[in-house]
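Number of protein chains: 2
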Amino acid sequence: MSQNLVISIDAMGGDHGPSVIVPGVAVAAGRLPGVRFLLHGDETALNAELARCPAARAVSEVRHSDRAIAMDEKPAQALRRGKGTSLWNAVEAIREGEASAAVSAGNTGALMAISKLILRMSANMERPAIVASWPTMRGVSAVLDVGANVESDADQLVEFAIMGAAFHHAVHGSDKPTVGILNVGSEDQKGHDEVREAHAMLKDMDLDLDYQGFVEGTDIAKGTVDVVVTDGFTGNVALKTAEGLARFFSNEIKSTFMSGPLAMAGALLASGALKKMRHRLDPGRVNGGPLLGLNGIVVKSHGGADAQSFASAIRVAVDLARSDFSAEIERNLQRLTAAKEKCETVQPEGGAAE
Amino acid sequence: MSQNLVISIDAMGGDHGPSVIVPGVAVAAGRLPGVRFLLHGDETALNAELARCPAARAVSEVRHSDRAIAMDEKPAQALRRGKGTSLWNAVEAIREGEASAAVSAGNTGALMAISKLILRMSANMERPAIVASWPTMRGVSAVLDVGANVESDADQLVEFAIMGAAFHHAVHGSDKPTVGILNVGSEDQKGHDEVREAHAMLKDMDLDLDYQGFVEGTDIAKGTVDVVVTDGFTGNVALKTAEGLARFFSNEIKSTFMSGPLAMAGALLASGALKKMRHRLDPGRVNGGPLLGLNGIVVKSHGGADAQSFASAIRVAVDLARSDFSAEIERNLQRLTAAKEKCETVQPEGGAAE
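Residue numbers (our numbering), protein chains in the order written: chain A, 1 to 354; chain B, 1 to 354.
Some hints here could point you the wrong way.
For chains that are exact copies, the list does not tell them apart, and a pair is met inside one copy or across any two.
Below, simulated DSS-like cross-link-like pairs (lysine-lysine); rule was C-alpha separation at most 30 Å, straight line [stated by the list, open to error]:
#1 Lys-340 x Lys-190
#2 Lys-83 x Lys-190
#3 Lys-222 x Lys-275
#4 Lys-254 x Lys-276
#5 Lys-203 x Lys-190
#6 Lys-74 x Lys-222
#7 Lys-74 x Lys-190
#8 Lys-74 x Lys-203
#9 Lys-254 x Lys-275
#10 Lys-254 x Lys-340
#11 Lys-254 x Lys-222
#12 Lys-222 x Lys-203
Just so you know, the hints here were simulated from the structure itself, not pulled from any lab data.
If we strip away everything but chain A, and leave its shape as in the complex, we get:
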């Protein structure tokens, strides 16, 4: 089953384009035997890079695209003039049945808009959600949505729970993922209507996940739950706040160890352990945020990813493609729909308490 899996790559995306993407494919090729790649982008540039990366050349096929989408292009504009770009073609290869998943380090808004147009949303979902894999004291948690949706109602939050759990199961291997809704406190009456309604729905439903109730910001790094559910505004702010803080810490550690001869000697002695620590906390280690809710697997890599990190995003796409991720979501969405219909035929239970 794992033979001949094909991953479609937007080879022009990201801050560095083919000079990082092609070496990234080479790294992934070494780690993921049996996977082949369709590289979309400028033929000349790609062949030049492939000549330097025989490991990538052996498992890749180049598909020429004349144009690429700029990193700062508006999504609406990208939609209008996107046809024929490397990003568009990378996603279209999924619909054409040529590839099982697509990976792009390109413009996030454009990737979302174009993926939605080409692949359409699965079931009755409205917009894709972006999931972040967040390093924690206990492993890696999935946090979603981290930026696709500025506002999310209770139904969407429940969908995020289902999709996040299926993602965590497929990529991070948890058996029955624990799920929490991000809130400002753990008591039932805390927060706004959307989180309280989603909380009430998840408590009652029989889904393939272990709902644990509300969690707070401090719980994310603790790894209290496998899946942290939140609206895209809060999730985006939380993720970027953490990224900013991680950079601050990293700078502080560096300047601390440069602050005098004793500290420098200490840093030298501890350098191996420090390197390991930085690796453990590195967000790039868990690069690769799938756009969930589409009829197809599309993975967004950080724009600034290096080759190692882009290879991690490819692994996420491969893990999802090889798992029964999509079937699991479908199954749970059917249960959700059934549960809702059942609720509606029974008499209404009354509104939310004030």
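Assemble chain B onto chain A, guided by the hints.
Coordinates of chain B only, in the frame set by chain A:
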């Protein structure tokens, strides 16, 4: 002017009560000559602690309260049965004109509800906002609201900007504080209606602050602006996410340096520099979040604060009381009201763009 300033203390609040609060007053007394304290709480317990802290005893007067509010008591319940508790009495001393400010490490919800009832809101503000002093690469930024308001409309966000700027000026000494609204991107069209409306209002108004537009989560630790404005839900999640991450880093550093003999030797050599770093990143260093918007100065300390940290919260109260903080807010709120009236007499400029 700075002579005989009196600060009212809820000496029973916090996780440790008088055993930390009284030593905290002693530390503050050493740092803040000319300040006197009213200690509200159980007379016997307080006198026992004061006997051990002559520096505190010399500048304190004990006011007996029979009861205290529990840390987990619901705000509504605290309001009903709060009269006569140490927290209530500490706040009431402001209204009675006996003290210029109150400090409590007690139950946040109860402190807000009781302060609002006793002191009332200034001008036409609805609910207090809580401001956090956040260590950044460039100093300390004020982030608000971090939990008092679950939802905030555009008018409230503008009020947060005004109050945050006055706070940063009074406590952190910035001349004309820079202000940004927290959002998921920096472009004008990003985010939901509330942030876009507040953005439009702040761009147009002539206030004692330097409005810089939208900022993102990564900008908080960078210290891009002095004042970060956000609704209480997002602010609370961002703050707690950062606190969780800070603890995670701190644990990682410790376990990294215990990971082998070389690393341990390195840690020993670098211990002075590491201690300095931890101090710099310690959220307790900037403990003390005032409840803004009240007719009076009430400062919330972390419940788990130690004596040093409680003394920092006292310093915040003293700095605010000695500055023209309240007058500055009043002045800016008048300008805000005037600007709004002017807007309403001119023809409406049309709704928000889609």
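What are the numbers of the hints the structure violates, in ascending order?
-> Violated hint (a single one): 10; every other hint is consistent with the structure.
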